[in-house]
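*Asks:* Spelled out, the chains give:
There are 2 protein chains.
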Amino acid sequence: MSYEPVNFAEKLAKFSEHFSPRVVARMNDYEFRLAKIEGDFVWHSHAETDEVFVVIEGEMRIDFRDGSVALKAGEMFVVPRGVEHKPYAARECAIMLVEPAGTINTGGAGGELTAENDVWV
Amino acid sequence: MSYEPVNFAEKLAKFSEHFSPRVVARMNDYEFRLAKIEGDFVWHSHAETDEVFVVIEGEMRIDFRDGSVALKAGEMFVVPRGVEHKPYAARECAIMLVEPAGTINTGGAGGELTAENDVWV
Numbered sequence: 011m012s013y014e015p016v017n018f019a020e021k022l023a024k025f026s027e028h029f030s031p032r033v034v035a036r037m038n039d040y041e042f043r044l045a046k047i048e049g050d051f052v053w054h055s056h057a058e059t060d061e062v063f064v065v066i067e068g069e070m071r072i073d074f075r076d077g078s079v080a081l082k083a084g085e086m087f088v089v090p091r092g093v094e095h096k097p098y099a100a101r102e103c104a105i106m107l108v109e110p111a112g113t114i115n116t117g118g119a120g121g122e123l124t125a126e127n128d129v130w131v
Numbered sequence: 011m012s013y014e015p016v017n018f019a020e021k022l023a024k025f026s027e028h029f030s031p032r033v034v035a036r037m038n039d040y041e042f043r044l045a046k047i048e049g050d051f052v053w054h055s056h057a058e059t060d061e062v063f064v065v066i067e068g069e070m071r072i073d074f075r076d077g078s079v080a081l082k083a084g085e086m087f088v089v090p091r092g093v094e095h096k097p098y099a100a101r102e103c104a105i106m107l108v109e110p111a112g113t114i115n116t117g118g119a120g121g122e123l124t125a126e127n128d129v130w131v
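Each protein sequence line maps, in turn, to chains A and B. Counting from 11, one number per residue, gives the positions in the first sequence under the working numbering. Counting from 11, one number per residue, gives the positions in the second sequence under the working numbering.
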């Protein structure tokens, strides 16, 4: 039989909300999530896990209390567990997040940008 | 300070060997590994873990005993644990693998294509 890959562009075409990650694949107890971001996210950290950002389309920045990292398509960065960070994109940017299933997008910060978890696309 | 992202193209330019994964990032106890593949890999499986394939450049196929999946740049697939598979690329293809640190590229099959593990680039 012919198995189907996950195509990032096709998945991204299926939603438009910003800061609302959609699960596209699961590996063991980890999820691969696509998200569209624009503007400022909230300062937060994840006490229990590192968090991977891979940029699929566009450019973004992750601010830290002591600096920042600029990311564009074809680049990734691992935010270590416990490190406060704030994602930002001047224009819409499509990213893939890799983190344990159950990880909350706003970490311990909460607030109105907290997304429903484990929503597949 | 300014932190440095992992740039896939820059990392891929630093090695040429086929079927010889290079670690570019670590998240918790998982590794993100870039590899260049061309031709047939060996049939193998990983008894303890799922294995993620993300195609960065080019096209590849993963054969299973009951079918196959074709992947091109911007696509991914998760091979479930225990499932026999054989990666193949007609022409050189650059991929990213995500799997637990310590995972052997040939799984339980061994043989001459077994790569040294945990080599960073």
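Please note that a few of the clues may not be correct.
It does not matter which identical chain is meant; a pair holds if it fits inside one copy or across any two.
As the list claims (entries may be wrong) - DSBU-like mimics (lysine-lysine), calculated; alpha carbons at most 35 Å apart, straight line:
| no. | residue 1 | residue 2 |
| --- | --- | --- |
| 1 | Lys82 | Lys96 |
| 2 | Lys82 | Lys21 |
| 3 | Lys24 | Lys96 |
| 4 | Lys82 | Lys24 |
| 5 | Lys96 | Lys21 |
It should be emphasised that the hints constitute simulated quantities derived from the structure, not laboratory data.
*Asks:* Now tell me if each hint is right for this structure.
*Replies:* Verification of the supplied hints:
no., hint, result
1, Lys82 <-> Lys96, "both (16 Å within a copy, 32 Å between copies)"
2, Lys82 <-> Lys21, "both (19 Å within a copy, 15 Å between copies)"
3, Lys24 <-> Lys96, "both (26 Å within a copy, 31 Å between copies)"
4, Lys82 <-> Lys24, "both (22 Å within a copy, 20 Å between copies)"
5, Lys96 <-> Lys21, "both (25 Å within a copy, 26 Å between copies)"
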